[in-house]
Amino acid sequence: MRCKDIKFKLIGYFENNLSPEEKKLVQNHLDTCLRCQKELEEIVSTFELLKKESPIEPGEIYWTNFVPVVRSRIEKKEETGVVIIPKWKFAGGVVTLVIFFLLGIFLFKEDRKVMFKSGTETYSYLLPAEDEKIEELFYAEEDESSLRSLITEADRKKLVLAEEELEEYYWEKGGKEKSLEELDLKQLENLKKTLEKEKFKREIL
Amino acid sequence: MDEEKTQDLISRFKSGEEKAFNELVSLYKKGIFNLVFRMVRNKEDAMDLAQEVFVKVYHSLKDFRGESRFSTWLHRIAVNLSLNFTERDKFRSFISLPDLTQPVLSSDSPLKDFEKKQISEAIDQAVLSLPKKQKAVFVLRHYQELQYSEIAEVMGKSEGAIKANYFQALKKLKKSLAHFEEW
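Chains as they are written, first to last, in the working numbering: chain A, 8 to 212; chain B, 12 to 194.
Pulled out of the complex, with its shape left as it was, chain B reads as follows (with noise of 0.2 Å):
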């Protein structure tokens, strides 16, 4: 992302433009709605909290004083509200019907769709049963491949810690869908 534009779409937001705040905006929402979607693993509630993440940003835009990146900041607001989120989900996730989110398909072949989605559901089962913090550091480095510095930052621990958590999600994932490595 363009930091030189990130930094001055802030700096005209924070002099009382108005409109730079909605460029911000289009200019993050993808990246973060798919952090926010691997976090929680349910598009609705993806596409709800992602827009819920820009609302707090802009409440507290106007306190950011760059002393991180401007990334690193929005990647942990996201980070904190999908795992709260989460842990406030947890019993409705118990009492409900499995999530009825539907990947996006090619419609070629039934068997290998069928084969997706079961793919797909059982990734989402394995990713939403990690430690949070271990679930945290998989979704940035995997889906948003951030540097491990980066993530480093944005949770507040050392590089080694956050490495170590990756091994550690990686190994519970490679236990969780070791059924489906003969696909």
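Isolated chain A, as found in the complex (with noise of 0.2 Å):
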């Protein structure tokens, strides 16, 4: 086993969290490397220093009026307007947003319309909606809270499910110098495309 493997093993070794297999592995690494020898030395010293951590006690008081004073915020609360819908009426009330929304972007590509002159002939054709949007990010694009908004949550789920992956095939590799969001773009790019590359070659496989 190369050292960039072991070296992700050493706090389970630590933590005597290894399978049998791992452990014999590890400690024959250990047996003939001074590095991570001193890398396993490192983290020992590391978790004794956090053992010398101060306690905190916020004291007998705050235990004892705990459970009133949750009580007391939650009573502020629902007093200062945090009204509880049930949920059919704000599934109404969602329905209802939704059909306004739609109205207002009919009547907004009504007005939308662009006149323009050609020779003798006045045309006028409507902005379609694709147009308006790619528009939109134009002058967004500084912007990035209006760029989010422009997201629409089916994207921001696909965001958060390609983001996953990355970061589970980036760890998977194993014995990483820096964690996911250390990379610059160029090495992330990379690493997309490495991923993308193996996806490729399992799907045709």
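A few of these clues could be false.
Stated by the list, open to error - DSSO-like mimics (lysine-lysine), calculated; alpha carbons at most 27 Å apart, straight line:
id, chain 1, residue 1, chain 2, residue 2
1, A, 204, A, 185
2, B, 73, A, 83
3, B, 168, A, 206
4, B, 168, B, 143
5, B, 168, A, 11
6, A, 58, A, 45
7, A, 31, A, 206
8, A, 59, B, 183
9, B, 185, A, 185
No wet-lab data here; the hints were simulated from the structure.
Work from the hints to combine the two standalone chains into their complex.
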């Protein structure tokens, strides 16, 4: 086993959390590798240092008053207008909003008739919704929050899934120096390409 | 934590017995305070946030379907509230004085107490500077002593990703605390 594979298992080894086979592999590697021995020593000393951290005790009064304070905060929240709307009313409200929203889009489309002159003739055409979206994106490019509002829920879910897939693939390869969050754009792009290549290979094999 | 007792309290609360919620709070309050404190590293804020967690639980418990364990669900709420708080609090901590949280010290040796305080403050800073996912994983594993599989459920990630996050967090802490290792 290589150092980069072992390094990843050192915490598990220290916590006695490895399978007997893995434990034996790590032990054999440690017997001959000074670098990993040092790495393990550093892990142990970090845990030792963390043990020295002082405990925090908020005091007996805090614990005695905990439940009554939670209760009064619940009541206060209910009094200050956190209205619990029944689900069917909420659904009805959402449907009404959607209808108004669609109606708004329709009216907006009517207003978006573009008029232009060519010679003596005057032409008009309706700006398609797709173009509007592109135009909106163009104006919103500096404004991340507007951009985010243009992403549909389905797109957002897809993005989350893609991110999770990328992250799992990244860690599956083991022994990483950096977390995914710390990679720069180019490294992320390369990782994405490798993942896509492997997925493609898997599909055709 | 006694899962059977918890389930009993939840169903009693759902059927209208308000007192059951109080018992549920009493059962979990210390663990949640500890989790929240280790996340935000400020005693006053943690005292407030721990109570807020249970206010949120109260309003959401009726919709809790038991698809995951209650403790997993509770940890998820506490972690999310703490992370949101830390995000909101970034500006405040940037302009304010350092936290005045006083750790519990034994007064038998002032020098030892001083060292302990220094170490605690350094650990606070080191943990606070971790990326949020790594911080949550580190706290859940190191202080709450949750299994990797439970943390994976809380965070909605694979076990492998959680182990990797823990490894990265520890590596960063090791680096930040390197100058204390001789102590």
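Original post:
Holds or violated: residue 59(A) with residue 183(B), Cα cutoff 27 Å?
Top reply: Holds. Residue 59(A) to residue 183(B) sits at ~18 Å (cutoff 27 Å).
Original post:
Is residue 168(B) within 27 Å of residue 143(B), Cα to Cα?
Top reply: holds, 14 Å
Original post:
Does the alpha-carbon distance linking residue 58(A) and residue 45(A) stay inside the 27 Å limit?
Top reply: With a Cα-Cα distance of about 20 Å, the restraint between residue 58(A) and residue 45(A) holds, given a limit of 27 Å.
Original post:
Are residue 204(A) and residue 185(A) close enough, with their CA atoms no more than 27 Å apart?
Top reply: holds, 22 Å
Original post:
Is the Cα-Cα distance between residue 31(A) and residue 206(A) 27 Å or less?
Top reply: violated, 33 Å
Original post:
Holds or violated: residue 168(B) with residue 11(A), Cα cutoff 27 Å?
Top reply: holds, 23 Å
Original post:
Is it true that the CA of residue 168(B) sits at most 27 Å from the CA of residue 206(A)?
Top reply: The given pair, whose Cα atoms are some 20 Å apart, holds under the 27 Å limit.
**OP:** For the pair we were handed, residue 73(B) and residue 83(A), check the Cα-Cα distance against 27 Å.
**Re:** holds, 19 Å
Subject >> Satisfaction of hint between residue 185(A) and residue 185(B), Cα-Cα up to 27 Å >> reply: holds, 14 Å
Violation of the numbered hints given earlier is confined to hint 7; every other hint is satisfied by the structure.
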